[in-house]
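Number of protein chains: 2
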Amino acid sequence: MNNENISYIPLGGVGDVTKNMHLYEYKDEILIVDSGLGFADETMLGVELLLPDISYLKSTNKKIVGMAITHGHEDHFGALPFILPDLPSFPIYATPLTAEFANEKLEEFGVSKRVQKVDFDGGELRLGSFVLNFIRVTHSVPDSSNIFIKTPVANFYHGSDFKFELNPYDGKKTDFKKIAEVSKQGILCLMSDSLRAEQKGHTPSEAGIYDALVQELEKTKGKLIVTTYSSNIARLNQIITAASKFGRKVCFVGRSVIKAKEAAQNLGYLKIEKGMEVALENIHNIKDQNVVMIVAGSQGQENSALSRIVNGDHKDIKLNSYDTIIFSADPIPGNEISVNSLIDSIARKGARVMYSGITDAFHVSGHAAADDLTLMMDLVKPKKVLPIGGTYKQMVQYKELAKKQGFEDKDIILVENGQEVIFSKDDSTFGKKLNLKNVYVDQISGEEVESFVLRDRQKLASEGVVVVLIEIDSSNGQIINTPNIIVRGLLGQEAKDINKNLIKQLKNSLSQKKNPVTDWIYMRKFIGEVSERYIFKSIRKRPLVLPVVIEV
Amino acid sequence: MNNENISYIPLGGVGDVTKNMHLYEYKDEILIVDSGLGFADETMLGVELLLPDISYLKSTNKKIVGMAITHGHEDHFGALPFILPDLPSFPIYATPLTAEFANEKLEEFGVSKRVQKVDFDGGELRLGSFVLNFIRVTHSVPDSSNIFIKTPVANFYHGSDFKFELNPYDGKKTDFKKIAEVSKQGILCLMSDSLRAEQKGHTPSEAGIYDALVQELEKTKGKLIVTTYSSNIARLNQIITAASKFGRKVCFVGRSVIKAKEAAQNLGYLKIEKGMEVALENIHNIKDQNVVMIVAGSQGQENSALSRIVNGDHKDIKLNSYDTIIFSADPIPGNEISVNSLIDSIARKGARVMYSGITDAFHVSGHAAADDLTLMMDLVKPKKVLPIGGTYKQMVQYKELAKKQGFEDKDIILVENGQEVIFSKDDSTFGKKLNLKNVYVDQISGEEVESFVLRDRQKLASEGVVVVLIEIDSSNGQIINTPNIIVRGLLGQEAKDINKNLIKQLKNSLSQKKNPVTDWIYMRKFIGEVSERYIFKSIRKRPLVLPVVIEV
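Residue numbers (my numbering), protein chains in the order written: chain A, 1 to 552; chain B, 1 to 552.
Treat each hint with caution, since some may be false.
SDA-like cross-link-like pairs, simulated, lysine to any residue; straight-line CA separation at most 20 Å [to be verified]:
1) A/Lys399 - B/Ile358
2) A/Lys184 - A/Leu379
3) A/Lys433 - B/Thr324
4) B/Lys200 - A/Asp360
5) A/Lys410 - B/Ala351
6) A/Lys399 - B/Thr324
7) B/Lys399 - A/Leu379
8) B/Lys399 - A/Arg352
9) A/Lys403 - B/Ile358
10) A/Lys318 - A/Asp360
11) A/Lys349 - B/Glu400
12) A/Lys504 - A/Phe536
13) B/Lys177 - B/Asn167
14) A/Lys404 - B/Thr359
15) B/Lys200 - A/Lys433
16) A/Lys200 - B/Asn167
17) B/Lys525 - A/Ile485
18) A/Lys27 - A/Asn155
19) B/Lys433 - A/Ser345
20) A/Lys404 - B/Ile358
21) B/Lys403 - A/Gly350
Rather than coming from a laboratory, the hints here were simulated on the basis of the structure.
Could you build the full structure based on these sequences and the hints that come with them?
What follows is the structure, given as structure tokens:
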């Protein structure tokens, strides 16, 4: 036993916040925790999503003994329909709502539903040599879990996304007792959420939000529109209860909100009294002052229900100046511009709008702040800590917290995605580093985008395209007729310059090599290079040059 | 006199924060206040800057009697070199440092320096029928001014960017006495900064920053690198004084920092004791622990000195793990991704990094918060207020503040860029609305970009390009030889689909109209449309289609 090891390899979710996917290996067995989506930033043109790179899993001879999903957020389960078809079969487990969301996602993509439900009080779950125990934690989606992982070598506490909400709206608190129990078994390493390590103190409670909603409803003359993360069922319940207090009906608008509502209803997590709900198609029968709408699109997404309402493009819902819109969600970093511009548009319509720029009353984070993270270290009492789920700067702040708790530098493990950490019974070393590539999913087709396509798109976007269409006499390699040059995405003056001088330049270059053409591929390349060089010299840009050579 | 009017028209800087440019008109005279740049967001591909649209000024028969520039920030003076060549001659005035910065900018673009300096105690400045008085206010650049504008009809207080810094590092406070004096003359309308109307209370003082720098220097073993807005001369002075306290030399790195330093030195606003400064070329002679560097690039700009240092691309400066980097500037909204990714890279190198995510000690805003804005209303005592320099949601918050001060709805004027407000002696109405267009400046060439070019770029970026190269027999309008189809920026599968089926589709469509071709323009258009339709039907994308028809 003494020489045995557990390998931990993050394929995603370390040094970044999304596309969470973690591997635990023992001998030839692999346990997977989570398989989430990433979200594209503005440099990834025409790309909407990113996936964890699973090349390693596809090429390894080891056996995947199972997967556990920690909670029902897309960045923890959303990659399932993309990756499962490429992997051999293995069992997948998750807590009830998580499984509900994940199976719905699989169904949507035409992949068979196969995530099995585990209950928090269902005891241990054995996957190969790994023994898992799901522990209830509070977070911004119900049924969130941390996972205690027993292995033949050492024990791990996989502490992904959590906060310590002491007044959860559904009454389901973090299971402190169970954490204490598993910690008694001895834990070698705590993998811990680190997203809010920069924030001092404790993350505040959700409890104030209901009161703030009630106060707002007292003032609202027209309809109240609330936008939030669809999966935040506790938030939806608070909104429903507040609406009911004022005798208002609720209306769910937008695909993601409706889907989340239905999944939560299936499990009895969301309760709407009979007659309380009004369907969108019946919204015309009800007065504005009698309704609260829960609407998708809190991140300013271009085609969301909220954007369409605000821009006057929604066929059933019009925004009036006496309405109020509440953003019960902060902008995710990177979405500030679209969220702010949406709020501006609402302000222009004269409607009242509440957002994090002017009030903290309607949203709190679902992640643990510094003092909460410290408390988790105290509860789990690991020998080592390894921050996950944060950017590198947040991992560094987590390290500072751990140092204050007496952890030595060697026991605070900072890794990048793809870095293997080899755990022995009581210590760790760094192992191999997988060379992970970015896997992009095309915005429209949903297919994987090769990175050269992305490079072409970036070039096209910033520097345009020039098509050089040229007829060449095969007997002497000289130009016949006037070449045709098509320029797009460049300035008028630049296009004029290219049209005027590039042909001259090409004629010059070709006249120096008067020979019958034997190699047309070389000729095409030569014309492309001469064009690129001339264009860069003349306008200091490198558009995508497409030489088209016609043999005559 | 009774029927006379003053027209106020913002060409930029209302409903957005940048490209500030305001017109005041009396009879056939126009006074301009500011002419600033805008900054592109990520949807404006290959565009770096925006300009105010001055078409109105170019086409009007009225006479520009002069321009006043309020302060030395690019979004208030940076458009000068772009617009002056297109306008008739008129005098331009600004306070000393503002004029220094503006003239430097003109020189850089090869436009003759023509901004004249006015002193705060220089009394009134007459431009046509307008009488101007520059009033010193505190802001994040020295010599910032508000302008009291007397006209034959009514008086205005142009209160662009300010804060009430009670402990300015250069000792030059807001001239409250002068504000009180001009307010006694009666002010019809206060045009007021509204950028921080969402923030409650007063904007904090700069005074704590020096102490925070000293504390950080006590801990720093290697070099201390501070990055800030170059024009914030008070900040530069604080850094220099703190460095000197520890016997460290200062080194200025990056073009914008060096230029701002020199301009401030020319006026005696920035003082460096003899021997205190070390030039970049001599930096190798000095140990890390003996230097503080002031480095450009606080917004994570890709090619800035700071980015190059962090990424190991700077030829003279290497970042070591014992160094400290301080961000003495918050990310401007929209720059969060690049700033955060730069901070991540620093954290990866193991260097200590201080930024607004973990401490407020190193930066305060230069703009007035809610209570300061209210105080300005109290001091100026205008009949009406008109918020400028903010987004629409911030203007709405300013309106809320004004209502609390007893202003009636009709006396709180919210406008968009291009909206004329016609002021009589004691009232106002809305006038014409100029149809302003977006004026883009190309990133590389510095030339104006037409909006159709931008549309092409967006199309190219998100959906690629398809060149359809086709030879047509002029006698019957049919395809000869195999058409050549070039696809870029699309997925492999999509390109295959297009290559395989588009030709078939084109042959089909053309076979239905066998006639000698007479109109080749129509033929080209027809082929383009058939291609676009087929491609959209087949892959649900609308790439830029370039049909190339060869007549045979």
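Hint-by-hint comparison with the structure:
no.: 1; hint: A/Lys399 - B/Ile358; verdict: holds, 14 Å
no.: 2; hint: A/Lys184 - A/Leu379; verdict: holds, 10 Å
no.: 3; hint: A/Lys433 - B/Thr324; verdict: violated, 29 Å
no.: 4; hint: B/Lys200 - A/Asp360; verdict: holds, 12 Å
no.: 5; hint: A/Lys410 - B/Ala351; verdict: holds, 18 Å
no.: 6; hint: A/Lys399 - B/Thr324; verdict: holds, 17 Å
no.: 7; hint: B/Lys399 - A/Leu379; verdict: violated, 50 Å
no.: 8; hint: B/Lys399 - A/Arg352; verdict: holds, 12 Å
no.: 9; hint: A/Lys403 - B/Ile358; verdict: holds, 17 Å
no.: 10; hint: A/Lys318 - A/Asp360; verdict: violated, 27 Å
no.: 11; hint: A/Lys349 - B/Glu400; verdict: holds, 16 Å
no.: 12; hint: A/Lys504 - A/Phe536; verdict: holds, 16 Å
no.: 13; hint: B/Lys177 - B/Asn167; verdict: holds, 17 Å
no.: 14; hint: A/Lys404 - B/Thr359; verdict: holds, 18 Å
no.: 15; hint: B/Lys200 - A/Lys433; verdict: violated, 49 Å
no.: 16; hint: A/Lys200 - B/Asn167; verdict: violated, 29 Å
no.: 17; hint: B/Lys525 - A/Ile485; verdict: holds, 17 Å
no.: 18; hint: A/Lys27 - A/Asn155; verdict: holds, 16 Å
no.: 19; hint: B/Lys433 - A/Ser345; verdict: holds, 19 Å
no.: 20; hint: A/Lys404 - B/Ile358; verdict: holds, 16 Å
no.: 21; hint: B/Lys403 - A/Gly350; verdict: holds, 15 Å
The structure shown violates the earlier hints numbered 3, 7, 10, 15, 16.
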